[in-house]
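Colleague: Each chain, written out:
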Amino acid sequence: MNIKSIYTKNIFIIVLFLISLTVEAEHAGPMDLTLGGRLKVDAIYNADGVGGIRTSKSDLAFSPGSIPIGNTGRNSFDANLRESRVWATLTLPLANDALSTYIEFDFFDTKKDSLGRTHIANEPRMRHLYSSFKNITIGKTYTTFANLSAFPEINDANGPVGNLLIRHELIRYNIPTSWGETFLALEKGESSFTSAIGSSFQVNDDQLPDIIGKIEFSETWGNISAAIMLREINANHRIISGVNDKKWGAAFSASGKIYFPKQDNLRFTISYGNVLGKYVSFNAFNDAAIDNTGKINLIEILSAHIAYQHWWTTTLRTSLVFGAGHANQDASIVPQTANKLFTSSHVNLLWSPIQKFTVGLEWLHGFRELENGNDGHLDRLQFSALYKF
Amino acid sequence: MLVLIIAANTLLFANDDEKKLETGKTLLQAIHSDEIRNIMRQLNSLVYEREYTELELRKINRKQIELLVNEAAALANIASNLPNIPSFKNMDNESQLAFNAMAKQLQNISGELEKAIENNHQDEIDAAYLKLQNTCNTCHTLFREE
Numbered sequence: 001m002n003i004k005s006i007y008t009k010n011i012f013i014i015v016l017f018l019i020s021l022t023v024e025a026e027h028a029g030p031m032d033l034t035l036g037g038r039l040k041v042d043a044i045y046n047a048d049g050v051g052g053i054r055t056s057k058s059d060l061a062f063s064p065g066s067i068p069i070g071n072t073g074r075n076s077f078d079a080n081l082r083e084s085r086v087w088a089t090l091t092l093p094l095a096n097d098a099l100s101t102y103i104e105f106d107f108f109d110t111k112k113d114s115l116g117r118t119h120i121a122n123e124p125r126m127r128h129l130y131s132s133f134k135n136i137t138i139g140k141t142y143t144t145f146a147n148l149s150a151f152p153e154i155n156d157a158n159g160p161v162g163n164l165l166i167r168h169e170l171i172r173y174n175i176p177t178s179w180g181e182t183f184l185a186l187e188k189g190e191s192s193f194t195s196a197i198g199s200s201f202q203v204n205d206d207q208l209p210d211i212i213g214k215i216e217f218s219e220t221w222g223n224i225s226a227a228i229m230l231r232e233i234n235a236n237h238r239i240i241s242g243v244n245d246k247k248w249g250a251a252f253s254a255s256g257k258i259y260f261p262k263q264d265n266l267r268f269t270i271s272y273g274n275v276l277g278k279y280v281s282f283n284a285f286n287d288a289a290i291d292n293t294g295k296i297n298l299i300e301i302l303s304a305h306i307a308y309q310h311w312w313t314t315t316l317r318t319s320l321v322f323g324a325g326h327a328n329q330d331a332s333i334v335p336q337t338a339n340k341l342f343t344s345s346h347v348n349l350l351w352s353p354i355q356k357f358t359v360g361l362e363w364l365h366g367f368r369e370l371e372n373g374n375d376g377h378l379d380r381l382q383f384s385a386l387y388k389f
Numbered sequence: 390m391l392v393l394i395i396a397a398n399t400l401l402f403a404n405d406d407e408k409k410l411e412t413g414k415t416l417l418q419a420i421h422s423d424e425i426r427n428i429m430r431q432l433n434s435l436v437y438e439r440e441y442t443e444l445e446l447r448k449i450n451r452k453q454i455e456l457l458v459n460e461a462a463a464l465a466n467i468a469s470n471l472p473n474i475p476s477f478k479n480m481d482n483e484s485q486l487a488f489n490a491m492a493k494q495l496q497n498i499s500g501e502l503e504k505a506i507e508n509n510h511q512d513e514i515d516a517a518y519l520k521l522q523n524t525c526n527t528c529h530t531l532f533r534e535e
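Protein sequences appear in the order of chains D and F. Position one of the first sequence corresponds to residue 1 (our numbering), numbered consecutively onward. Position one of the second sequence corresponds to residue 390 (our numbering), numbered consecutively onward.
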């Protein structure tokens, strides 16, 4: 962890703590601090290595963009505790409501040590830091565009292709109703691009936040949500000096979790739009391509995942998951090595002898195809043990 | 929070080995509630969710408990009118007394849980919820067809 990172995180915590103390002093209410977390041990065998370096994150958590094209012949085994998490909640009664603050870290920061080894570095990484009061949430957490209940119960840290799982800074307003909830949010814009030579890059030229609206219907049979997002993709002077370009785009998503008899359930997400790149499948596709004249061309993406979980007994269950993502991009602008299609299949057997503890084995098959038709695949076997405290 | 989830699971899968709650029919069909079972199922599934934060879990949990209180109150209301239905009249006196006592208890605890939710006291909610779970469990064990 570098000095700047330590400084920033600590400043956040200190400020939150001081705010809480100030509010508590003013209102003389009891402050409730809860600590918790989970210990997760993963043992992962990659039938075909990913990422090119032994200790890259792609070896530890499924990243579709890192599926090797062609067989590298490089098998690998890794064991780690990086997906362990610690969290704290701070709740303060205030004006007939409660000001709640949440902070969570995992250990997925993969800085290298002096010998260039990353596998021994398990430095904390901030996953969430946000406060909620009444109907407003401010801070860093999962995007409003996602429906977290649609995330399947799998060992892999990232989840299937088609999954919407991104955490960033946001301001969210939610309106509870008798049938569910409505959300409106402004979220951090951070556009990612494919250059004319095929490399991916991110810029800090975004001038407006992403605008997201979502409605969620909740019933005793489960929930279904529908979300819409508007984004401005902006790049200034990135390819040709003096050439600025920006384009507005939109994306839609429907997702949910439906219960079947006993604990069986079906989870799904389907998304479509021309500004989905950053939000879906861990940025396997980019938001836009920039051509040689410096102009932005938005990338149209269709992605989905579906997961069925069957409970064999009250403690033993299997999730069968399939996800796919496809980019429709202008072949005259993006290079032939640009990603065109991803799929992933996951099947697991998980056992929870007690509710706080889950152990299980999972198989993952990932597929990646480029615009030129070349493809590659990855098979991964992952054993995980998870204990919540 | 975890206490509530464990309690939900206990009720949902209680006596699973004997297949009582899963396959057996309640002796008094009038007080069977699929809605309550569905709510308990959702409460139970929360413990296996991997990406919700603790604050979000609490929020969802609170919503489900509110639904549960409404359903439990409706159930208690039905139970208090049971003397009018034939299957109740076929029960012996001792069973009728026991059932009435359980119905009254369900009514009281539903009110207790409702008040705890209004007061926004997590400890009180946990305690009342456990009582509710025990009442449901006892009643389901006692009044079930052989």
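Hints are computed from structural coordinates only; laboratory data are not their basis. Predicted model, so just to flag it, every value in this text is computed and none were measured. Idealized CB from N, CA, C, for every residue including glycine. Any given hint could turn out to be false.
[Stated by the list, open to error] In silico DSBU-like cross-links for lysine-lysine, where the CA-CA straight-line distance does not exceed 30 Å:
1. F:Lys452 x D:Lys134
2. D:Lys295 x D:Lys356
3. F:Lys520 x D:Lys356
4. F:Lys504 x D:Lys134
5. F:Lys478 x D:Lys388
6. D:Lys134 x D:Lys295
7. D:Lys262 x D:Lys188
8. D:Lys262 x F:Lys493
9. F:Lys478 x D:Lys140
10. F:Lys493 x F:Lys478
11. F:Lys448 x D:Lys188
12. D:Lys295 x D:Lys188
13. D:Lys356 x F:Lys493
14. F:Lys452 x F:Lys520
15. F:Lys452 x D:Lys262
16. F:Lys493 x F:Lys520
17. D:Lys388 x F:Lys493
18. F:Lys452 x D:Lys140
19. F:Lys520 x F:Lys504
20. F:Lys520 x F:Lys478
21. D:Lys188 x D:Lys134
[Said to hold, decoys possible] Partial list, computed: chain D residues near chain F (C-beta under 7 Å):
22. Ser84
23. Trp87
24. Thr89
25. Tyr102
26. Leu148
27. Phe151
28. Glu153
29. Gln355
[Said to hold, decoys possible] Quick list of the computed label-pair ranges, beta carbon to beta carbon:
30. F:Leu519 x D:Ile211: 42 to 48 Å
31. D:Asn135 x F:Ala490: 40 to 46 Å
32. D:Asn96 x F:Asn497: 25 to 31 Å
33. F:Glu483 x D:Tyr173: 33 to 39 Å
34. F:Asp481 x D:Ala385: 50 to 56 Å
35. F:Met480 x D:Lys134: 36 to 42 Å
36. F:Lys452 x D:Ala250: 48 to 54 Å
37. F:Asn508 x D:Phe201: 29 to 35 Å
Colleague: Determine for every hint whether it applies to the structure shown.
Modeller: Structure-based check of each hint:
no. : hint                            : result
1   : F:Lys452 x D:Lys134             : 15 Å, holds
2   : D:Lys295 x D:Lys356             : 52 Å, violated
3   : F:Lys520 x D:Lys356             : 22 Å, holds
4   : F:Lys504 x D:Lys134             : 20 Å, holds
5   : F:Lys478 x D:Lys388             : 49 Å, violated
6   : D:Lys134 x D:Lys295             : 43 Å, violated
7   : D:Lys262 x D:Lys188             : 40 Å, violated
8   : D:Lys262 x F:Lys493             : 29 Å, holds
9   : F:Lys478 x D:Lys140             : 60 Å, violated
10  : F:Lys493 x F:Lys478             : 18 Å, holds
11  : F:Lys448 x D:Lys188             : 24 Å, holds
12  : D:Lys295 x D:Lys188             : 22 Å, holds
13  : D:Lys356 x F:Lys493             : 34 Å, violated
14  : F:Lys452 x F:Lys520             : 18 Å, holds
15  : F:Lys452 x D:Lys262             : 21 Å, holds
16  : F:Lys493 x F:Lys520             : 13 Å, holds
17  : D:Lys388 x F:Lys493             : 37 Å, violated
18  : F:Lys452 x D:Lys140             : 24 Å, holds
19  : F:Lys520 x F:Lys504             : 14 Å, holds
20  : F:Lys520 x F:Lys478             : 28 Å, holds
21  : D:Lys188 x D:Lys134             : 22 Å, holds
22  : Ser84                           : 13 Å, violated
23  : Trp87                           : 6 Å, holds
24  : Thr89                           : 5 Å, holds
25  : Tyr102                          : 5 Å, holds
26  : Leu148                          : 5 Å, holds
27  : Phe151                          : 5 Å, holds
28  : Glu153                          : 6 Å, holds
29  : Gln355                          : 5 Å, holds
30  : F:Leu519 x D:Ile211: 42 to 48 Å : 44 Å, holds
31  : D:Asn135 x F:Ala490: 40 to 46 Å : 42 Å, holds
32  : D:Asn96 x F:Asn497: 25 to 31 Å  : 26 Å, holds
33  : F:Glu483 x D:Tyr173: 33 to 39 Å : 57 Å, violated
34  : F:Asp481 x D:Ala385: 50 to 56 Å : 52 Å, holds
35  : F:Met480 x D:Lys134: 36 to 42 Å : 50 Å, violated
36  : F:Lys452 x D:Ala250: 48 to 54 Å : 30 Å, violated
37  : F:Asn508 x D:Phe201: 29 to 35 Å : 53 Å, violated
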